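Asks: Line order of the protein sequences matches chains G and X. Going by the UniProt record's numbering, the first sequence opens with residue 1, and the numbers climb by one from there. Going by the UniProt record's numbering, the second sequence opens with residue 1, and the numbers climb by one from there.
If you're looking for bench data, these hints aren't it; they were derived computationally from the structure. Careful: at least some of the hints might be erroneous.
Just so you have them, the derived chain G footprint on chain X, three or more residues with Cβ under 8 Å [said to hold, decoys possible]: (1) 45–53; (2) 66–74; (3) 91–99.
Keep in mind it's a predicted model, so treat the numbers as computed, not measured. Where is the CB? At the ideal position from N, CA and C, for every residue including glycine.
2 protein chains.
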Amino acid sequence: MNPVDLTLYLVLDPDLCGGLDNMVETARIAALNGATVIQLRAPNQKKRWWLEAAQALKAVLDPLQIPLIINDHIDIALAVDAAGVHVGQSDLPPAVVRTLIGPHKILGLSTSNAEQLAAVPLALVDYIGVGPVYPTGTKLDASPVIGMDEFARLMRAKTLPAVAIGGIKQGTAAPLITAGVDGVAVVSAICGQADPAAAARQLLSEITGARS
Amino acid sequence: MNPVDLTLYLVLDPDLCGGLDNMVETARIAALNGATVIQLRAPNQKKRWWLEAAQALKAVLDPLQIPLIINDHIDIALAVDAAGVHVGQSDLPPAVVRTLIGPHKILGLSTSNAEQLAAVPLALVDYIGVGPVYPTGTKLDASPVIGMDEFARLMRAKTLPAVAIGGIKQGTAAPLITAGVDGVAVVSAICGQADPAAAARQLLSEITGARS
Numbered sequence: 001m002n003p004v005d006l007t008l009y010l011v012l013d014p015d016l017c018g019g020l021d022n023m024v025e026t027a028r029i030a031a032l033n034g035a036t037v038i039q040l041r042a043p044n045q046k047k048r049w050w051l052e053a054a055q056a057l058k059a060v061l062d063p064l065q066i067p068l069i070i071n072d073h074i075d076i077a078l079a080v081d082a083a084g085v086h087v088g089q090s091d092l093p094p095a096v097v098r099t100l101i102g103p104h105k106i107l108g109l110s111t112s113n114a115e116q117l118a119a120v121p122l123a124l125v126d127y128i129g130v131g132p133v134y135p136t137g138t139k140l141d142a143s144p145v146i147g148m149d150e151f152a153r154l155m156r157a158k159t160l161p162a163v164a165i166g167g168i169k170q171g172t173a174a175p176l177i178t179a180g181v182d183g184v185a186v187v188s189a190i191c192g193q194a195d196p197a198a199a200a201r202q203l204l205s206e207i208t209g210a211r212s
Numbered sequence: 001m002n003p004v005d006l007t008l009y010l011v012l013d014p015d016l017c018g019g020l021d022n023m024v025e026t027a028r029i030a031a032l033n034g035a036t037v038i039q040l041r042a043p044n045q046k047k048r049w050w051l052e053a054a055q056a057l058k059a060v061l062d063p064l065q066i067p068l069i070i071n072d073h074i075d076i077a078l079a080v081d082a083a084g085v086h087v088g089q090s091d092l093p094p095a096v097v098r099t100l101i102g103p104h105k106i107l108g109l110s111t112s113n114a115e116q117l118a119a120v121p122l123a124l125v126d127y128i129g130v131g132p133v134y135p136t137g138t139k140l141d142a143s144p145v146i147g148m149d150e151f152a153r154l155m156r157a158k159t160l161p162a163v164a165i166g167g168i169k170q171g172t173a174a175p176l177i178t179a180g181v182d183g184v185a186v187v188s189a190i191c192g193q194a195d196p197a198a199a200a201r202q203l204l205s206e207i208t209g210a211r212s
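Model the full assembly from the supplied sequences, consistent with the hints where possible.
Replies: Pasting the structure below:
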């Protein structure tokens, strides 16, 4: 089990962030204002872009000791020695990923329902993503929205650290924490916001407030 | 330098082939009828599909001693222990790829002009793709077509084995061989043809005829 602080998990979207340079700057600001882990997710980008982006993010995040997680592309994670990877149900299976990355990198897996939650290989995966918890415009191929009753059931059933994802913004994070999730993941609630520093601080404040 | 017989290089397109199962069968038929190397290229597919497809292709091609080359996704090549990888100018750079795959896997690199040809790192790359040599409808983001005069110049300048690609079909392969290329790569000239066995045999015959 590789530990990861899921409290405020920023998933970077290069389009929402306004391109590579702005995305890296958003990551830096978020890391300085409460983001505890940052994922790069860019399904429409080619690998050379990915490499440049991941290297630039690592240069900014390593000194701040914020782990960089690479979505889907294990080759990019290996190339830049990222802290970990995150895969979905249509990506490489956890057993294959774990073989490629070795025992000491963080491995996250997306789940959308009780069946997928029950199928998670607990010895291989470090944390699960659970969502979408709210409607989202960011991920076009997202699964059906999980209602709050079902989300609470999933939180009672889970045995791994979990981060909620999908349409979470200021004002909607607290109920998820109350339901038992370890952290919340956001995309548009920070990426592309006029004041990403304030957005990150307010989200962190809401999460820590709901925990106490 | 990892040797590879580029004579008749089939690039599989799952859509043109009619899906995964038909694609694997096309690969088998092509391998039995003259294809010397086979690449899987599927930019629109998710990684779990890639894994399944690459494993199925390896199961068919390994007994026939036909190398399987994986386009772009080094993680898939590592996961299935493919014979090699092929990357384009927007994919991971050869130096990064070579570090990930080690010294004993085939590494191919696409080039489209004299500048790219001159920039190929000769100690890292095993062969180059050169194209498009003819107009093609298969690769929507292809570079401008290389005229035959320029292609012949590139062939005189090259110092690595080269395979021509782009719109090659029966009747248009011979001039490329005459110009000095080591082999030809085809997609639609085999994938989705009514008789892929005959198509492969005829292409091979044209290539070997032009060599003599």
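Asks: Confirm or reject each hint.
Replies: Hint check:
| no. | hint | verdict |
| --- | --- | --- |
| 1 | 45–53 | holds (count 5) |
| 2 | 66–74 | holds (count 3) |
| 3 | 91–99 | holds (count 5) |
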